[in-house]
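The task is simple: from the sequences and hints, build the whole structure.
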Amino acid sequence: MNQARVVYHIARADFLERVRRYSFLVMLGLVVFLGYQIAIGNLELQLGQYRGEFNSAWVGALMSLNATFLIGWFGFYLVKNSVARDRETGVGQIMATTPLTRPLYMLGKWLSNFVMLMSMAAVLALAGIIIQISTGESTQINLGAFLSPFFYIVLPLMALVAAFAVLFEVIPFLQGGFGNIIYMFMFLMSLPLIMENLNPKYAVFEPTGIGIMEQDMGAAVRAVYPDYDGGFSLGATNIAVQGTFNWPGVHWTSDLILGRFSFIALALLLTLIAALFFDRFDPSRTKPRKTKTTVSKPDTSILRQAQDNASLSASVVAAAPSPALTAIRLTPLAASAHQFSFVNVLIAELKLLLKGQRWWWYAVAGALIFAGLVTPLEGVRAFVLPMAWIWPILIWSRLGSREIHNNTHQMIFSSAAPLWRQLPATWLAGFLVAALTGSGVAIKLLSVGDTVGLIAWLSGALFIPSLALTFGVWSNTSKVFEIIYLCIWYIGPMNNVPAVDYLGANSNGNISFFIPVSLLLIIAAFIGRTRQVRL
Amino acid sequence: MKLIVTNLGKQYRRDFWGLKDFSLEIKPGILGLLGPNGAGKSTFMRMLATITKPTDGEIQWNDIDIVKSPDTLRAVLGYLPQDFGVYPNLTAVEFLEYMAAIKGLSARAARQRIDELLQVVNLKDAAKRPLGGYSGGMKQRVGIAQALLNDPQLLIVDEPTVGLDPEERVRFRNLLSDLSGERIVILSTHIVSDVEATASHIVLINKGLLLREAAPEDLLKQLDGKVWEWTVSSDDLPALKQKHIVSGTIRRSDGVDVRVVSADQPEGAARNVNPNLEDAYLYFVGGHA
Numbered sequence: 002m003n004q005a006r007v008v009y010h011i012a013r014a015d016f017l018e019r020v021r022r023y024s025f026l027v028m029l030g031l032v033v034f035l036g037y038q039i040a041i042g043n044l045e046l047q048l049g050q051y052r053g054e055f056n057s058a059w060v061g062a063l064m065s066l067n068a069t070f071l072i073g074w075f076g077f078y079l080v081k082n083s084v085a086r087d088r089e090t091g092v093g094q095i096m097a098t099t100p101l102t103r104p105l106y107m108l109g110k111w112l113s114n115f116v117m118l119m120s121m122a123a124v125l126a127l128a129g130i131i132i133q134i135s136t137g138e139s140t141q142i143n144l145g146a147f148l149s150p151f152f153y154i155v156l157p158l159m160a161l162v163a164a165f166a167v168l169f170e171v172i173p174f175l176q177g178g179f180g181n182i183i184y185m186f187m188f189l190m191s192l193p194l195i196m197e198n199l200n201p202k203y204a205v206f207e208p209t210g211i212g213i214m215e216q217d218m219g220a221a222v223r224a225v226y227p228d229y230d231g232g233f234s235l236g237a238t239n240i241a242v243q244g245t246f247n248w249p250g251v252h253w254t255s256d257l258i259l260g261r262f263s264f265i266a267l268a269l270l271l272t273l274i275a276a277l278f279f280d281r282f283d284p285s286r287t288k289p290r291k292t293k294t295t296v297s298k299p300d301t302s303i304l305r306q307a308q309d310n311a312s313l314s315a316s317v318v319a320a321a322p323s324p325a326l327t328a329i330r331l332t333p334l335a336a337s338a339h340q341f342s343f344v345n346v347l348i349a350e351l352k353l354l355l356k357g358q359r360w361w362w363y364a365v366a367g368a369l370i371f372a373g374l375v376t377p378l379e380g381v382r383a384f385v386l387p388m389a390w391i392w393p394i395l396i397w398s399r400l401g402s403r404e405i406h407n408n409t410h411q412m413i414f415s416s417a418a419p420l421w422r423q424l425p426a427t428w429l430a431g432f433l434v435a436a437l438t439g440s441g442v443a444i445k446l447l448s449v450g451d452t453v454g455l456i457a458w459l460s461g462a463l464f465i466p467s468l469a470l471t472f473g474v475w476s477n478t479s480k481v482f483e484i485i486y487l488c489i490w491y492i493g494p495m496n497n498v499p500a501v502d503y504l505g506a507n508s509n510g511n512i513s514f515f516i517p518v519s520l521l522l523i524i525a526a527f528i529g530r531t532r533q534v535r536l
Numbered sequence: 171m172k173l174i175v176t177n178l179g180k181q182y183r184r185d186f187w188g189l190k191d192f193s194l195e196i197k198p199g200i201l202g203l204l205g206p207n208g209a210g211k212s213t214f215m216r217m218l219a220t221i222t223k224p225t226d227g228e229i230q231w232n233d234i235d236i237v238k239s240p241d242t243l244r245a246v247l248g249y250l251p252q253d254f255g256v257y258p259n260l261t262a263v264e265f266l267e268y269m270a271a272i273k274g275l276s277a278r279a280a281r282q283r284i285d286e287l288l289q290v291v292n293l294k295d296a297a298k299r300p301l302g303g304y305s306g307g308m309k310q311r312v313g314i315a316q317a318l319l320n321d322p323q324l325l326i327v328d329e330p331t332v333g334l335d336p337e338e339r340v341r342f343r344n345l346l347s348d349l350s351g352e353r354i355v356i357l358s359t360h361i362v363s364d365v366e367a368t369a370s371h372i373v374l375i376n377k378g379l380l381l382r383e384a385a386p387e388d389l390l391k392q393l394d395g396k397v398w399e400w401t402v403s404s405d406d407l408p409a410l411k412q413k414h415i416v417s418g419t420i421r422r423s424d425g426v427d428v429r430v431v432s433a434d435q436p437e438g439a440a441r442n443v444n445p446n447l448e449d450a451y452l453y454f455v456g457g458h459a
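Chains W and A, in that order, give the protein sequences.
Following this note's numbering, the numbering of the first sequence begins with 2 at its first residue and continues without gaps.
Following this note's numbering, the numbering of the second sequence begins with 171 at its first residue and continues without gaps.
Please note that the accuracy of each hint is not assured.
Stated by the list, open to error - In silico DSS-like links for lysine-lysine, alpha-carbon gap of 27 Å or less: (1) K190(A) to K377(A); (2) K413(A) to K377(A); (3) K298(A) to K356(W); (4) K294(A) to K356(W); (5) K352(W) to K294(A); (6) K377(A) to K391(A); (7) K356(W) to K309(A); (8) K190(A) to K352(W); (9) K238(A) to K223(A); (10) K298(A) to K352(W).
Just so you know, the hints here were simulated from the structure itself, not pulled from any lab data.
Bear in mind that the values here come from a model prediction, so they are computed numbers and not experimental data.
As structure tokens, then:
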């Protein structure tokens, strides 16, 4: 009982801290926007050219599947900061000195994540009721049919996502941007496999629950429209609806319920596994990186010289005069020392971006440059360039947010002309990283005279640092860029959607959109930084 | 060289001013800012450092309004914030090179200056280690070094000795004294002895208001005849603390030696002693002036 109380209070404090932050309002706003998109028909659920009547079961399924897909994906990023916050605020070290056990702490954080995710799903559920009433196809609200997909589909998945968020937070190499990328691939790459290869027998073991819905809805539509070819789409679709059918909802058998709730057990298991990795805020358990340490003999010449000019306070003389306590006179700087050089700032910014990367990062970047030079043209644009421009994502994502994240902003923003000296150099350093990692491809395009490809390359190289800098400056976190850039990269270059193909992987690069957008983003970054410099 | 602050104010909420009607003329030397937590010291310093825009009032640096043209001051400013971070993957040298480039120092001048500063802050041996592995005191010394990079005419240091060991504290105080000749140094701290050892002028702040502005000796003069010492029994101490400002106690075998700040003689046995800055701080900030 006492342990349950501990878990409850950890979750409660974490939840309250989260909902009282401005970012929670933004998050709720996004969920409401999502609900609105579903309401106006931009995000639809269709089986081929058919859809269900807007009764409670269908609307419940529509909202649940959208919640599954979107909160299951983005929700992970929104809640994956619970342990990190305790680490950053220092509250973690205080907790570590209490008898609190690792599993209880992890369970508390899991519960908080879970409640956060479910609160977002609850907003979508409310929106669903409004949608059903406003469409008017079926005005009778059947709460059981409406809520059962939330209960059996969304709830177990959210439990699982909450557990993954906790697990990723305590495994060192998954804590940062790399973990965000891994999760995206885990989530997105599994969906097509589920949809195409899932044996109906095993649908119950598929975490998103889409398989169960697809089978049940498929059977209902087939009974009315025998020509139904098995298509299932969730999201934006341009297939015109040919007819509707009545779907009363999934008949939830005990096997199905047990299958779904086994994900909650899995979530709890993952949370307990996370407890094994949790370092209990002990900084000494963070493996230090090997660094070359040089211990030189202290240079005492300046000290000796300075002793001549020393002026010790009476109390210090009385205590114990030692050379180490001697005041040292700094040589005044000559007026000629003050010579601003943009190149110096640019070099410093580049060093700052690239410092800390391991040898294998450079090895892969080098391999991608080489691959750009030797791969045939089609492969260069469709594969090598997207890879070359996803590889430095964690470098770009620090643009604009680094100053606040590392708490150096007060020193940097109080330096001379931070807006015109540092910010352009930051952007240019990001551009140079893009140019460098994509240089193999650029040389290839130049050598074969692919001007269109080269212009698309340039457009992409302009767009990436502009997007990173703007999101960094306005959000003060690297996460927003990481998530949005990954989405754009996944949808555009990887899934052949020309409108979003910012680097010309399979199209001309939509430069008439991306070049002006890049300029607008740079302007937005300047506006954002102006606001930061003078609060 | 002068810094004039006129009716400066910063409003955080509709009903809360972090600083209000603050006027001051600051000349070369060390100005010590003293005040309790939340008094408005850091707000004042952030406004001087062009980080925060005032809600009211003016700040003039050599007759130029720095609220309108902050870059005029930034070019000659050195600022050590109370709470700051560093880039953990950079070494001290690399971090200072980065800051020097941003501050507009030529590469050659930066190299010499950084070398000298690392000696001054006693980090020469650790200069090539990543900052992520530094202790709190070492990071604080990197902060001090970056503030001095451009040989600033106005040096603002907010709680600079936090995290420093006693030896480094004395070293830094001596450095400040040495630097103060031809520039304005504004030092904010809770450690009264730091101000006592260095400041040529003291400003007492509380609840966003300027309480007193004076040279340390003038401040102490105002307390002449108001500081008392005598011995009381341990049992009487709580009642005494309720009644008077007790600025010090020392336990003895026959009771407790107490030091009290009071305009009138608190007890017949109390004898008058010389005031120190801590007495003055407690007297004025405690609202007994």
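Distance restraint between K413(A) and K377(A), which requires alpha-carbon spacing of 27 Å or less: holds (23 Å)
Are the Cα atoms of K377(A) and K391(A) separated by 27 Å or less? At roughly 24 Å apart (the allowed maximum being 27 Å), K391(A) and K377(A) satisfy the hint.
Can the restraint linking K294(A) and K356(W) be considered satisfied, given a maximum Cα separation of 27 Å? At roughly 21 Å apart (the allowed maximum being 27 Å), K356(W) and K294(A) satisfy the hint.
Does the structure keep K298(A) and K356(W) at a Cα separation of 27 Å or less? The hint holds at about 13 Å.
Given pair status - K309(A), K356(W), alpha carbons within 27 Å: holds (19 Å)
Under the criterion that the straight-line Cα-Cα distance not exceed 27 Å, is the pair K190(A), K352(W) satisfied? violated (43 Å)
Tell me if the straight-line CA distance from K352(W) to K294(A) falls inside 27 Å. holds (21 Å)
Under the criterion that the straight-line Cα-Cα distance not exceed 27 Å, is the pair K238(A), K223(A) satisfied? holds (10 Å)
Please work out if K298(A) and K352(W) have their alpha carbons no farther apart than 27 Å. Given pair K298(A), K352(W) holds - Cα atoms ~15 Å apart, limit 27 Å.
Take a quick look at whether K190(A) and K377(A) sit within 27 Å of each other, Cα to Cα. holds (9 Å)
Checked against the numbered hints given earlier, this structure breaks only hint 8.
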